[in-house]
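What follows is each chain in one-letter form.
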Amino acid sequence: MITALDFFGVYCATFEYIERTYGHEALEKYWAEYIADRFLVHLDALVAERGIEGMKEYWGHTLEEEEAGYDITATEDSFRIDMHDCPALRWLREHDRMTYDDYCAHCPALYERIMNRNGYSYQYEYDPGAGRCWIEIRAVTPGRPLSDQGSAGG
Amino acid sequence: MIVPAFHGICEVTFRFFEESYGPEALEAYWRHLAETYYADLAERWRAEGLDAVEQYWRGIFEEEVGARWEIERAEDAVTLRIERCPAFAWMEESRREVMPSYCEHCRVMNARLCELAGLEFELSGGRGSCVQSFREVPR
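So the sequence lines, in the order shown, correspond to chains A and B. Residues 1 to 154 (the numbering used here) make up the first sequence, in order. Residues 1 to 139 (the numbering used here) make up the second sequence, in order.
Careful: at least some of the hints might be erroneous.
[To be verified] One side only, chain A facing chain B, incomplete, derived with CB under 7 Å:
no.	residue
1	L5
2	Y17
3	E28
4	Y30
5	R38
6	F39
7	H61
8	G69
[As the list claims (entries may be wrong)] Residues of chain B placed beyond 10 Å of chain A at every Cβ, according to the derived structure:
no.	residue
9	F16
10	D51
11	E63
12	P86
13	S94
14	E136
15	V137
Everything labelled a hint here was simulated from the structure, so no lab data went into it. Just so you know, these numbers come straight off a predicted model, no measurement behind them. Glycine included, every Cβ here is placed at the ideal spot set by N, Cα and C.
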């Protein structure tokens with residue numbers, strides 16, 4: 001068994017292995033079609049069914065579980081995380097396991113996809129490797145994918 | 001810190017390799033992790049022998065959530081009896097189907113780790129309960 005104690009280290013090593021062995025497109029496919037679409041089904045359902053409240057429930061739980069340093073700000077139609085101390089980056093640095101430099105890139109690759117297909121915009125900025133970032137999610141067409149905006153006739 | 005959901009990430013990661021590149025690619029990934037990520041562990045097992053094997057698995061299973069297990073120690077072997085695998089426990093509770101080849105990662109990775117450490121590995125059972133034996137190589 002690969003222990004859950006090695007979560008961040010093995011995850012990071014996997015990114016490096018996929019990109020080096022199969023190329024960056026393969027890594028993008030892994031993030032999008034496997035982690036976002038097949039693992040994060042709980043987040044997708046929460047956002048589809050409960051919108052901003054679902055985001056609060058999801059990240060409120062996961063960031064507490066992962067012992068992150070963060071602030072969440074939410075309104076009726078927006079949700080923002082200011083991350084001061086990313087638990088993954090903290091663990092990778094402390095254990096000298098930072099084997100993939102752009103580890104942070106997986107977050108937008110996963111979450112932007114899920115938010116967009118549920119009708120939310122996703123903006124973000126991160127300081128690679130520093131453990132600091134912000135993401136801001138805004139309701140645009142909740143319940144309808146953003147890509148449908150043009151064809152839906154308003 | 002332990003994040004049990006990681007077992008679910010592992011499972012879809014294995015699916016990615018198997019579905020995209022075939023079972024050989026999945027096994028190559030497992031062997032790569034054993035040879036690189038767990039290289040320090042293999043070295044510790046080689047240097048300290050079965051005491052280090054026992055210590056490692058006790059440390060893991062005492063932290064993992066939802067496991068039922070016991071370790072038997074003999075002079076020449078460490079036997080890990082897993083009645084309820086924590087990875088399967090998490091996936092069952094999350095109502096996730098577990099791919100048929102999931103348990104193979106224990107066989108492949110532990111066999112490779114033992115090979116690097118000069119030990120022998122044997123596994124029987126699977127799908128949530130198994131017996132894993134780590135033995136000194138008979139001289």
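To see whether the hints hold, each was checked on the structure:
1. L5: L5/A check passes; min Cβ-Cβ to chain B is 5 Å, inside 7 Å.
2. Y17: holds, 6 Å
3. E28: violated, 12 Å
4. Y30: Since the shortest Cβ distance to chain B is 5 Å, the answer is holds.
5. R38: R38/A check passes; min Cβ-Cβ to chain B is 5 Å, inside 7 Å.
6. F39: Constraint on F39/A satisfied, holds at 5 Å.
7. H61: It is violated, given that the least Cβ distance between H61/A and chain B is near 10 Å, above 7 Å.
8. G69: violated, 13 Å
9. F16: violated, 4 Å
10. D51: holds, 19 Å
11. E63: violated, 6 Å
12. P86: Violated: least Cβ distance 7 Å, not greater than 10 Å.
13. S94: violated, 8 Å
14. E136: holds, 22 Å
15. V137: It holds; V137/B is separated from chain A by about 23 Å at its closest Cβ, greater than 10 Å.
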